[in-house]
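Number of protein chains: 2
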Amino acid sequence: MNKIISCVPNVCEGKDQKFIDSLVEKLNVVNGLIVLDVSRDSVRNRTVFSFTGPQEAIFEAGLMLYRESLAHIDMREHQGEYPRIGALDVFPFVPLKDATLEETVAMSVAFAQKVAEEFNIPVFLYGESARFPMRRYIENIREGEYEGLEQKLKDPRWKPDFGPAVFNPTSGATVVGARYPMISFKAILDTSDEAIAEYVSRIIQHASGGLAHITANPGMDSEHKVAQITVTISNYRAMPMYRVLEMLRVEARRFAVAVRKVEMIGLIPEIVFIESAFYYLGIQDFSFDKILERKIQTQLDEKIQPS
Amino acid sequence: MNKIISCVPNVCEGKDQKFIDSLVEKLNVVNGLIVLDVSRDSVRNRTVFSFTGPQEAIFEAGLMLYRESLAHIDMREHQGEYPRIGALDVFPFVPLKDATLEETVAMSVAFAQKVAEEFNIPVFLYGESARFPMRRYIENIREGEYEGLEQKLKDPRWKPDFGPAVFNPTSGATVVGARYPMISFKAILDTSDEAIAEYVSRIIQHASGGLAHITANPGMDSEHKVAQITVTISNYRAMPMYRVLEMLRVEARRFAVAVRKVEMIGLIPEIVFIESAFYYLGIQDFSFDKILERKIQTQLDEKIQPS
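Residue numbers (the working numbering), protein chains in the order written: chain W, 956 to 1262; chain H, 956 to 1262.
These aren't lab readings, by the way, just hints derived from the structure by calculation. Among the hints, erroneous ones may be present.
Just so you know, same-sequence chains aren't split out, so a pair can sit in one copy or run between any two.
[Claimed, not checked] No more than 25 Å apart at the CA atoms, straight line, and that leaves these computed lysine to any residue pairs for SDA-like:
1) 1052 to 1248
2) 1250 to 1087
3) 1245 to 1009
4) 958 to 1252
5) 1245 to 979
6) 1245 to 1139
7) 958 to 1052
8) 970 to 1180
9) 981 to 1104
10) 1245 to 990
11) 1250 to 995
12) 1250 to 976
13) 1114 to 1220
14) 958 to 1249
15) 1109 to 977
16) 1250 to 1221
17) 1250 to 1015
18) 1180 to 1202
19) 1141 to 1234
20) 1216 to 1197
21) 981 to 1100
22) 981 to 1215
23) 1114 to 1089
24) 1250 to 1218
25) 1245 to 1189
26) 973 to 1029
27) 981 to 1062
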């Protein structure tokens, strides 16, 4: 299986363990579906599912999640420390391995249309699937949250991409689209001065005029009493990790502060490391086909499924 | 297929295309075998095969190569610009992906024993499979080459690991063992002064007291008129690529010379790049399980072959 598209739907329920268990049970019997992870967060009152598989399996699992979530969750009663706009808040499609962005976008749009048809709720396309620049960033779509949605849907600029421009009080709306996997890491600084982390964060992140596709949050590692910066890269193909880290190092150097170490957060696509290695090693034109494991896997795949 | 052991046997025949074609034909019908590459070299008069597959497939293919090579090649008539000791000169087993060195060594030893039993020729274990320090390096086993083999076999220190200590004039002896994949790259220097490449090569390579597991050959890139160093790492787990390149850069800096670029030669295991990325990015304790594609592949394998 060379081509992998994964999905990470966010359901607005993180307290009811029984309900989440019932969803996992239903996911596990979908033919061909691979459930990668289930992260329930009771503080934010949301659960993030992560799965992959062939398109039929993804669609079947996805529509089941909508059906169950819309039946179970009443947004009029939902509380949670995280911006959200609907019971099944966001359904991202993520290209991995040899999957292209184009086919991931196409899959997400086809799925968004099915959701609108089957459940008759407003569906917004975001990320790489967005049809309007404003909708590229989910923050814009979520602005005003569920509570502001009724008003927002009256604004013609916020006509949904699919489904009716009608406020559904129990379900809210939903956001569907393709995005790159998010890369997150912590850079632990060689200082206990949090102000330095704040300064550097401000310099490097997109919101304050730094690098595109970057958010940076300063903080303290309370155990070791050192300042740290948590960085998230929303499009690692356009903004490779080495470039972000090197700018962070350059700005920290103004205070004679070094990066003591870097800790990766969550799962990371291998291409992130391979591209960084190429930069530092001075490799300018290596073909990925010359990575041994890829060549072998390609030949195995050809042998197993002759076309 | 997560666990991959590949083999790269060297046959002492690089001129007779018909014979090589007949070997490839026979390899292609071995059940489960994946032929990765066949490199015929008429100047050195040898052909290097590269294949992988389950153990039965590897053994069947390997024994076939011995049978055909010993029947076809008469070492009394063999000429070639490369040290060699027998008709099937060396049969390396290489651990890739999740294959451990231990199981690769075990497989190579079992295979060596079968070769001795079936063909009654002297078999030396080398590389990670060697039972004596002297035999670790194939150069030591090949010293004196085929022409010196009769004499060498009379020396009790050169009793074969398997098979008789008897000189076989048509077949010679053979060398079998496990070794890491060799990593080769060219460092193109920012100078046309070949003497700098010579100096740096001498400093970094093992033979003249530099880094273990390293050979370095200075030369000129005739097209761009710049000096270059071709480096080979024989054990990249013990001597990661970034360490070699950084020592090379440090020594070149003595002459204010930079590495203009690095060109990788042949197929490279991805771990080489990932470990180098960890070094440069300052990642100290990342678990390989957190590489997305590995996690997914593991779960796919579990799903497909429930144990």
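Hints versus structure:
For the identical chains of this complex, residue 1052 and residue 1248 are neighbours both inside a copy (13 Å) and across copies (7 Å), given an alpha-carbon limit of 25 Å. For the homomeric pair residue 1250 and residue 1087, neither the shortest alpha-carbon distance inside one copy (39 Å) nor that between copies (35 Å) is at most 25 Å. For a Cα distance limit of 25 Å, the shortest separation of residue 1245 from residue 1009 across copies, 23 Å, qualifies, whereas the shortest one inside one copy, 27 Å, does not. Proximity of residue 958 and residue 1252 under a CA criterion of 25 Å is satisfied in both settings, with 12 Å inside one chain copy and 11 Å between copies.
For the homomeric pair residue 1245 and residue 979, the shortest alpha-carbon distance between copies (22 Å) is at most 25 Å, but the shortest distance inside one copy (39 Å) is not. When the C-alpha separation of residue 1245 and residue 1139 is checked against a cutoff of 25 Å, the pair qualifies only between copies, where the shortest distance is 12 Å, while the shortest distance within a copy is 28 Å. Taking the shortest alpha-carbon separations for residue 958 and residue 1052, both the intra-copy value of 6 Å and the inter-copy value of 19 Å come in at or below 25 Å. Taking identical chains as interchangeable, the C-alpha atoms of residue 970 and residue 1180 are never at most 25 Å apart, the minima being 33 Å within one chain and 68 Å between chains.
Proximity of residue 981 and residue 1104 under a CA criterion of 25 Å is satisfied in neither setting, with 30 Å inside one chain copy and 69 Å between copies. Only between protomers do residue 1245 and residue 990 lie at most 25 Å apart by alpha-carbon distance; the minimum there is 16 Å, versus 31 Å within a single protomer. Taking CA atoms no more than 25 Å apart as the test, residue 1250 paired with residue 995 passes between copies only; the shortest distance there is 20 Å, against 38 Å inside one copy. In this assembly of identical chains, the alpha carbons of residue 1250 and residue 976 lie at most 25 Å apart only when taken from different copies (22 Å versus 40 Å within one copy).
Taking the shortest alpha-carbon separations for residue 1114 and residue 1220, neither the intra-copy value of 36 Å nor the inter-copy value of 55 Å comes in at or below 25 Å. When the C-alpha separation of residue 958 and residue 1249 is checked against a cutoff of 25 Å, the pair qualifies both within a copy, at 12 Å, and between copies, at 13 Å. Neither within a single protomer nor between protomers do residue 1109 and residue 977 lie at most 25 Å apart by alpha-carbon distance, with minima of 36 Å and 75 Å respectively. Taking the closest pair of Cα atoms, residue 1250 and residue 1221 come within 25 Å of each other only across two copies (11 Å); inside a single copy the shortest separation is 27 Å, beyond that limit.
Only between protomers do residue 1250 and residue 1015 lie at most 25 Å apart by alpha-carbon distance; the minimum there is 23 Å, versus 33 Å within a single protomer. Taking the closest pair of Cα atoms, residue 1180 and residue 1202 come within 25 Å of each other only inside a single copy of the chain (23 Å); across copies the shortest separation is 34 Å, beyond that limit. In the homo-oligomer, the alpha carbons of residue 1141 and residue 1234 lie at most 25 Å apart both inside one protomer (20 Å) and across protomers (15 Å), since each shortest distance falls under that limit. Proximity of residue 1216 and residue 1197 under a CA criterion of 25 Å is satisfied in both settings, with 14 Å inside one chain copy and 17 Å between copies.
Proximity of residue 981 to residue 1100 under the C-alpha cut-off of 25 Å is found in neither arrangement, the shortest distances being 29 Å within a copy and 67 Å between copies. For the identical chains of this complex, residue 981 and residue 1215 are neighbours neither inside a copy (45 Å) nor across copies (56 Å), given an alpha-carbon limit of 25 Å. For the identical chains of this complex, residue 1114 and residue 1089 are intra-copy neighbours only, at 12 Å inside a copy versus 77 Å across copies, given an alpha-carbon limit of 25 Å. Taking the shortest alpha-carbon separations for residue 1250 and residue 1218, only the inter-copy value of 18 Å comes in at or below 25 Å, while the best intra-copy value is 30 Å.
Taking identical chains as interchangeable, the C-alpha atoms of residue 1245 and residue 1189 lie at most 25 Å apart only when they sit on different chains, with a minimum of 18 Å there against 28 Å within one chain. In this homomeric assembly, residue 973 and residue 1029 come within 25 Å of each other (Cα to Cα) only inside a single copy, at 16 Å, whereas the closest approach across copies is 75 Å. Only within a single protomer do residue 981 and residue 1062 lie at most 25 Å apart by alpha-carbon distance; the minimum there is 22 Å, versus 44 Å between protomers.
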